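Quick one: dock chain against chain with the hints and give me the complex.
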Amino acid sequence: MQTHMSIVDVRNISKRFGDFVAVDKVNFSVEPGRIFGILGPNGAGKTTTIRMMNYITIPDEGDIHINGVKVGRETQPMIGYMPEERGLYKKMKVGEHLIYLAQLKGVPLDKAKTALRYWLERFEAIDWINKEVGELSKGMQQKIQFIATIVHDPSLYIFDEPFSGLDPINSELLKQVILELKASGKTIIFSTHRMEQVEQMCDDIVLYNEGRTILEGKVQDIKRSFGKRTVILEFDGDASFLDTIEGVHFNNRSNRFVEFTPKDESQIRPILEKAMASVDVHRFERVYPSLHEIFIESVKNDRSHVNR
Amino acid sequence: MSTDKIFIVLKREYLTRVRSKAFIISTILAPVFMIMLIGIPVLLSFLDTDKARVIGVYDETGVLLPRLELLSDSLYTELPPAPVDTFRAMVLANRIDGYILLNERHLTENAEVEFISGGTGGLSLISAIRSDLRSVIRDERLNREQVSDAVKDILNSRATIVSRKITETGEETTSTESLFIVGYIMCFIIYGALFFYGAIIMRSVIEEKTSRIIEVITSSVRPFELLMGKVLGVGAVGLTQFTIWAASSAAIMGGAGMYFASQMDTSGLVGDEAMAAAAQSPITMPEIGIGLWVGFVFFFIMGYLIYSSLFAAVGAAADNESDTQQLMLPISMPIIIPILLVGPVASDPNSTLAVVSSLIPFFTPMLMPLRMAMTDVPIWQLGAAVVLMSAAFTGLIWVSARIYRVGILMYGKKASFSEMAKWIRYN
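Protein sequences, first through last, are from chains H and X.
Those letters in the first sequence? Residues 61 to 368, per the numbering used here, in order.
Those letters in the second sequence? Residues 24 to 450, per the numbering used here, in order.
Chain X extracted, bound-state conformation (with noise of 0.2 Å):
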């Protein structure tokens, strides 16, 4: 193995992809579309909740409707005597999006509402309803009952939780959605990376096949030291990108903060009022320890490692671009498994689906830094997860330089698994 091939490849690589027209729109498009895909759903459901909803109520009690009314003033409306018939006339010409009618039985038998509606409803304003039409009734009984407030205060009370996290230097309060929230989007940008980067080998792969430049390259260097050049080349581009990010996301929320003071300063908000607003905000960022940066930086790259020699033999086995969607399947299936386990990861980050699901070398790059995020994992299983991710690159590497040093130089022959497999074992 020559080191200096393998630089002289990598130089290339990282030079040739740095300077081209598609590093600069991807580091620029890549953020904007972050952006959207997180903002959009925020921006949708503003729009959403601004629609007005209004249901119809006919109340034969002469109780319930009122109390409706103080819960929810703008959402219920009071229906005149009418028959029912021009209710629904009243939902299908939309001036009222559904209607309830309320009668004594529901107060003494508990009886079923019965919410008629034009379809418009949705599970959010269903449950909605259930939950006033609960406590009114449920208020009313009491009532009824001459039950005194101080039980009607027992009966209102929630148990309330705060999560706090034990470290070293003393308490921290954190909320574990916030945690949670951290450690999902560090498994989805690993995530996204690892198909971005390991697309982006492949591809490279297959035009040194489709150019044909692929013989006069290994009359020089070994298939071993192009592929590592390669990978380590596109790596350092992915690292490039990844540090453009930072730094600008770094330099506009250190803008973005210093431009928020100053605003505070001259509408004369003073300390206090400004603590309090900002304790207002609902989800506090949480403080991301080194720790947390560290690993998703280190698995960030050892899973790039893995997952870009696994493109690599698809591409070197694959033809074409297109030949390539029957290979993928293998490849696809370990990336997209630890998206499914990030629920049960999430609930419980140190059950032994968790523990076991994180070490498995595929899985770890998307499963260990969202469990580093919810919970303190011990050093002995990240110790063991860095053994086991090395022995992985190592073993994959390997395996598909070999793939490799043969796919490259069949031209047009169509690669099977087992034809693959005869391949390894070639000398």
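Chain H with its partners taken away, still in its complex shape (with noise of 0.2 Å):
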């Protein structure tokens, strides 16, 4: 037994589908109380690594722990999973739904009432609890959703892009369920290619690229190797002198921000010069990279190494 238990322990997994290899060899553990963003473009391995957490397929190789547990059928109770695609049954009424999902999980009929209800209310959703999900418009469906995937009280939640396909509402509403969860000492795991959410909420990531990790750790030491190699500029004025500055990338430019990562220590000064000779300057900042752009320069170095 480590000192230092993980909640989530991945050692060595990899599994094929014929001759493709969805997921090679990877390895990562998820602390106990903290939110873990599994990143990648798609068909990196993400979803196949999630439905093996959630033993709905099973590693040709290498074995996951969850709670210390070999993953099976007794961990499924310990997880709240949402993938990424979802449904529910149409016919059925929300409360009756909501309590078979938890039935199905092993909750009890009467602990499963009291928590639908809880949710339910949480949510403002009590008065659909006799209508039937088809009868609920789409954004209703999706609070639904969340509620079936939460109502068994597990430790652990792992969600597969849970904010693609939902409206601005839910999206901020599943941010804050996922907030608090964590301030209940719940751990959270989830998928995305949204870099604002990670940035915004994870507290460790991990990376994939084809079917491998090439990246993993806490957010704020992956950004610290990187060094604070970006530059913020914020300003008022014409973006248009920007064009005439040569031999420099420009990422996530906009008409009153721009980053960008100079290719040496001297291309900076004159930029900033340039830019006090044409517009008004807000900001001027040495900062660590975004993930975003760590996240396309490490799939894109990622891929020069396997091409070579």
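These are computed hints drawn from the structure, not numbers from a lab.
Quick caveat, the model's predicted, so the values are computed rather than measured.
A virtual CB, placed ideally from N, CA and C, is assigned to each residue, including glycine.
Heads up, a few of these hints could be off.
[Claimed, not checked] If you anchor each label on the Cβ, the simulated ranges turn out as follows:
1) I275(X) x E192(H): 29 to 37 Å
2) K173(H) x G314(X): 42 to 50 Å
3) K173(H) x I313(X): 56 to 64 Å
4) A274(X) x E192(H): 30 to 38 Å
Here you go:
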């Protein structure tokens, strides 16, 4: 037994579908009470990994432990899982549906009833309890789907692309729920390509590319390892002066904001001088790169390594 | 395997279906449909016989027509001497349905009789005319040869047969025809039910894929448990439906019996006459033994389990209902073959063909009740059928659960048979 126990321990797992290697010898661990992001481009192996954590598919090699227990039937009730492909039985009533899903997770009937009342009230959805799911609007169904995920009160939550397809109101609501869950000591794992959400919410991340992990650790550590090499410039005025600067690639360029990574130190001062001459400079700061930048650069580097 | 979870799934499948409008409608409409299926041909045959037909006969011999009219006065009518063209015109004008010309050669040389008709005859009319002609020509020839009445009686006599079935308690008079009808109806009820409930399973699996709920469910329950709960739940729906039908038809028959009994009392029909009236009805409902009922219910359930697991596999492999057509073929074949075997099996329910085919697990549900209705199937054959069906079910549900497990998470990937074979081997 380790002194410091991880809630999820992924050890050297691989999964192949025919000749295609979906996940290739992946290792990482998730600490309790944290928000953990699984990032990576489409088809990188995120969903396959998540399905293996949920005992929907089984790794060809390696194993996954949750709370020290090897993934299997016993670990399924420990997890609240919201897959990317979401859905509910349209013909069932909201209340019955939530009870059904809770019972499948092993929650006794009376406990399930109390829990679903609590959450339906929390989401201002208690009036829908006797409505058929199919009668609800899409946004309402999304709320019911969250409740279905959390109603059995597990200690670990896994959301696969949770924000995809959500309207802005539910997107914000889910974010609040995730932060609340964290505050009450739960562990959350989610996969996404939306870097701003990762930036705002995640404590730790793992970055996938082509079935392998290419980066893993605390968000702050990863950023620090890239150094304060990014410059942020905020200004008021005509942005066209930026076009006269050669040899620098501007990320995230907008009318009042630009982010860039100079190739060497000597480029920085001339740009600041030019900016001061052309526009009203509000901010000029050297910062750690954004996760967006780290994501793109790491994936690009990894691809060129593989191709070589 | 968790029986708790199987039961939770079973309960949901059962309750949501039994409460649905589709259940209520199908419970009411299926018997109506069955009655129509049986009633309409009977009704039509009545309508058909009502239509009078007229065959013109021009008889040069002068002896055959009176004999024909003795056999069927309404069918045959005398034609006046006229050219053949007149007769033709009468047929075309629909005044007669057809005509025959008879002369001495038909009596002396056994010459062919020509029947000219406007094409409205049909097989039964021709065979009626043929049989009438055969007997009148024969009788007239016998008459001319001055054969004694005793000999005529011998020639007219027919052998008759009454079948009696020996049972432990004694002898029962039962007609093979009515036993066949019982077996045949059971065979078709099972056939229809396997398709009907199998298709429900298939649609339900596809629905879980298209509504995308499957991944939520499989994060709580193993595919095998889900499949098992589904199959048992829909099976319970089927049993409920059959119980409703059986109970209501028993009630209707009981009610009808009491009604007729009271009618008979008021019309003052005495016991003997009532018995005689009952004996006159063409088909007497044979006594259906308890063994046959048990066999019917048992083989229905086993057949349902086997076929529903196949239908579930098709549902899991397909992405939507139109995809299922190609995959349905290997399921439809074993379900249709026994229907083709009904004739041969019924004509000799103890033949090697009947025994072997009724032991093939896919065919057993249809053919075994048919055989049980018509003959005493040896215990060892029933035992063998039970063992083989159980083995087949265990194997099939295992294979189907594997196809199901992989197939349910494959969206948009078209499943070929080689692909499905691969899924069975996946871990």
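Each hint, compared with the structure:
Hint check: I275(X) to E192(H), Cβ distance near 35 Å, so the stated range 29 to 37 Å holds. For the pair K173(H) and G314(X), the supplied restraint of 42 to 50 Å holds, since their beta-carbon distance comes to about 48 Å. Look at K173(H) against I313(X): about 45 Å separates their beta carbons, and that is not inside 56 to 64 Å. At about 34 Å, the beta-carbon gap between A274(X) and E192(H) stays in the expected band of 30 to 38 Å.
In this structure, the one hint that does not hold is number 3.
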